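*Asks:* The residues making up each chain are set out below.
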Amino acid sequence: MSIKETELPGIGKKFQIETRSGDKMVIVVHDDGRREIYHFDSNDPEESISMVTLDDTEARCVAGILGGMAYVPKALETVEMALDDMVFEWYKVEKDAQSIGKTIGDLDIRKKTGAAIIAIIKKDEKVLNPGPEEIITPGATIVVLGDRKQVKACKELILHGGI
Amino acid sequence: MPEQVLLEIGLALAIVAFAGILAARFRISIVPLLILAGMVVGPHAPVIGILDFRFIKSAPLIDFMGRVGILFLLFSLGLEFSVGRLLKAGRSILVGGSIYMAINFTLGMVLPIIWGWPLRETLVVAGLISISSSAIVAKVLVDLKRTARPETEMILGLMLFQDVFVAVYLSIISGLVLTGSASPPSVLKSTSLALGFMLGLILAGRKLAPLINRLFNVPSDEVFMLMVFAFLTLVAGFSETIHVAEAIGALLVGLILAETDHLDRIEHIVVPFRDFFGALFFFSFGLSIDPLTLGGAVGPVLVAVAATLIGNFLAGIIAGRMAGYSYRGCTNIGLTITPRGEFSIILANLAKTGGLLPVLQPFAALYVLLLAILGPLLTKESKWIYSQLARIFGWPALKETNKPRRSV
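Chains as they are written, first to last, in the UniProt record's numbering: chain R, 1 to 163; chain Y, 1 to 408.
Misleading hints may appear alongside valid ones.
Below, a sample of chain R positions facing chain Y; criterion: calculated Cβ distance under 8 Å [to be verified]:
hint, residue
1, Val28
2, Glu36
3, Ser99
These aren't lab readings, by the way, just hints derived from the structure by calculation.
Predicted model only: the values in this text are computed from it and were never measured.
Even glycine gets a Cβ: it sits at the ideal position worked out from N, Cα and C.
Start from the sequences, fold in the hints, and give me the full structure.
*Replies:* Listed below in structure tokens is the structure:
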């Protein structure tokens with residue numbers, strides 16, 4: 001995938017994206033917060049065949065859907081979102097992870113890795129900001145926040161039960 | 001009676017707002033409608049029974065708000081303006097911009113010389129003809145959903161180039177026009193004063209940037225806004241006292257503040273003021289036009305409009321082809337850059353302040369009216385125009401696009 005970024009003085013910024021599948025897409029971020037997504041004809045790269053305008057809220061919502069936050073595709077075990085150095089990761093606990101049955105407190109995740117678990121999504125419940133008494137269960141999706149190294153350490157801790 | 005003044009201003013604003021509604025309804029630029037509205041209700045308009053819409057008592061006030069409009073228009077231009085950005089835009093913009101200026105400025109000079117207009121008038125007309133309205137162009141691109149097209153970068157780059165040209169040109173012209181004397185030494189003196197003032201302020205601004213940064217570092221939005229506007233008005237007012245156009249003062253304040261850390265915050269507060277007073281600027285320009293004087297300008301204006309359309313189209317094709325755009329893209333460039341607006345009017349106002357030939361006012365009014373309407377229309381119909389031209393010049397025909405087929 002290639003992304004070309006250009007400034008449009010007085011309007012905003014333009015991102016031209018060519019996907020691996022050969023589609024050409026242009027996203028224009030207007031200074032007033034509007035986003036426009038254009039899809040170009042594969043036969044005539046100058047002619048846009050469709051266009052969608054989103055306001056700021058809608059754009060964030062769509063970004064979330066595209067990013068897999070609303071629904072994680074079955075084929076993916078983990079989903080990652082990066083904001084500068086910070087990384088969010090949706091991480092699915094494997095069935096044979098060593099930490100299953102232990103609590104966040106037992107594992108001492110924050111002290112050992114620096115990363116924070118900000119949510120645990122289990123089959124029947126969603127725990128936001130889980131306390132140290134929260135137990136790691138197989139198949140749960142854990143949302144980890146930290147820099148890349150911390151998140152990696154956290155995943156390892158959960159998998160092996162220790163670092 | 002003071003009450004009446006308020007009512008008159010209210011009426012004026014209602015008319016301006018109505019022009020805005022009409023413009024949105026018919027999807028045309030608001031600029032020509034604002035000028036027309038001003039002309040219709042101006043001091044020269046007839047009184048129909050008790051319906052006296054002439055804004056006589058409030059005229060000085062509206063006039064003043066129009067002047068404030070110029071300040072905000074050029075202030076926000078100064079904020080956007082950056083030579084660095086222009087250089088980053090690349091060689092094709094610099095080359096294309098020079099070609100554009102060479103063609104259109106020459107055309108703008110030749111016409112008034114043929115008409116036998118004096119030198120200062122000629123220079124004003126040349127500027128009026130060669131400088132597009134970046135405000136209208138940007139709006140048309142957004143409205144017609146053209147922002148994603150490849151040639152849009154070139155169009156906006158050309159606007160950026162022009163804005164730099166405007167800054168220099170305005171300072172030269174204001175030196176020439178505002179002194180009132182045409183003797184070479186005094187012209188030279190005033191022009192160098194204007195240029196010197198510009199350079200001096202820019203240099204001072206650069207040196208004082210850290211100080212300005214600290215000074216404007218106030219938490220209260222209210223105080224911040226007051227400080228920015230005080231700075232703007234003071235510098236613009238001072239420029240006026242030394243016979244440098246106030247517009248240049250405003251532009252310079254924009255340039256200086258663009259270098260500070262507060263750029264985003266300033267841009268945020270300036271936009272609503274620019275839009276409001278900018279609308280009144282076009283309206284007050286309309287007020288200053290006597291519709292009866294328009295007749296005398298029709299001939300020259302039609303010639304100038306034709307020259308502008310041809311010159312811009314040529315410039316678009318040459319500059320676009322050199323930058324490697326398709327004929328289709330080049331046609332878009334040539335058509336999109338034709339609208340005229342704020343700068344042409346600022347130049348016409350300058351001419352009025354400097355006491356140049358009175359025909360310049362109606363000339364500018366009619367010229368801007370026509371091109372502010374024609375430009376966006378031509379841009380909208382660019383596909384049709386291209387397919388006609390393609391047949392004449394043998395350019396590649398438009399491809400059939402694969403519209404998604406509806407399932408049966």
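*Asks:* Does Glu36(R) meet its interface restraint, that is, does its C-beta lie within less than 8 Å of any C-beta in chain Y?
*Replies:* At about 7 Å, which falls below the 8 Å cut-off, the nearest Cβ of chain Y leaves the hint on Glu36(R) intact, so it holds.
*Asks:* Any CB of chain Y closer than 8 Å to the CB of Ser99(R)?
*Replies:* 45 Å, violated
*Asks:* Can we keep the Val28(R) interface hint, with Cβ of chain Y closer than 8 Å?
*Replies:* With a closest approach of 5 Å, the Val28(R) hint holds.
In summary, the structure is inconsistent with hint 3 from the numbered list given earlier, while agreeing with all the others.
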